[in-house]
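Count along the sequence shown from 1, add 10, and you get the number used in my numbering.
It should be emphasised that the hints constitute simulated quantities derived from the structure, not laboratory data.
Quick caveat: nothing in here was measured; it's all calculated off a predicted structure.
Ideal placement from N, C-alpha and C gives every residue a C-beta, glycine not left out.
The reader is advised that the hints may include incorrect statements.
[As the list claims (entries may be wrong)] Beta-carbon label-pair distances, calculated as ranges:
no., residue 1, residue 2, range
1, Ser75, Asp40, 15 to 25 Å
2, Pro54, Trp79, 33 to 43 Å
3, Arg78, Asp40, 18 to 28 Å
4, Gly49, Ala73, 12 to 22 Å
5, Val43, Arg72, 32 to 42 Å
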Amino acid sequence: MDTAGSPEHDADCRCGGAAAHVPTARPAADSTVDCPECGEPSSPQRIATWGHCRACRTADSRAKSPLRW
């Protein structure tokens, strides 16, 4: 697959056109999905990275290692 000649090729990319661009790899910033633990809307990136929303991640980390004031 030759992407170097395609209009989507980024001249600053280190791959030099050897890798295909995947425009759907990152969803739009305004898209949300429901957290599988609490059901609150969250960004798809957080769900993919942590498995749940930020609030659930914070609660999970506090349960494992509580803050010591």
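message = For the hint 33 to 43 Å, verify it against the beta carbon of Pro54 and that of Trp79.
response = 35 Å, holds
task = Check the following: the C-beta atoms of Val43 and Arg72 are separated by a distance inside 32 to 42 Å.
result = 23 Å, violated
key: Ala73 and Gly49 - C-beta distance against the hinted 12 to 22 Å   = 19 Å, holds
query = If you check the beta carbons of Arg78 and Asp40, does the distance land in 18 to 28 Å?
reply = Roughly 38 Å apart at Cβ, these two residues miss the hinted range, so it is violated.
query = Between Ser75 and Asp40, is the Cβ distance one that fits in 15 to 25 Å?
reply = 34 Å, violated
Going through the hint list in order, the structure does not satisfy hints 1, 3, 5.
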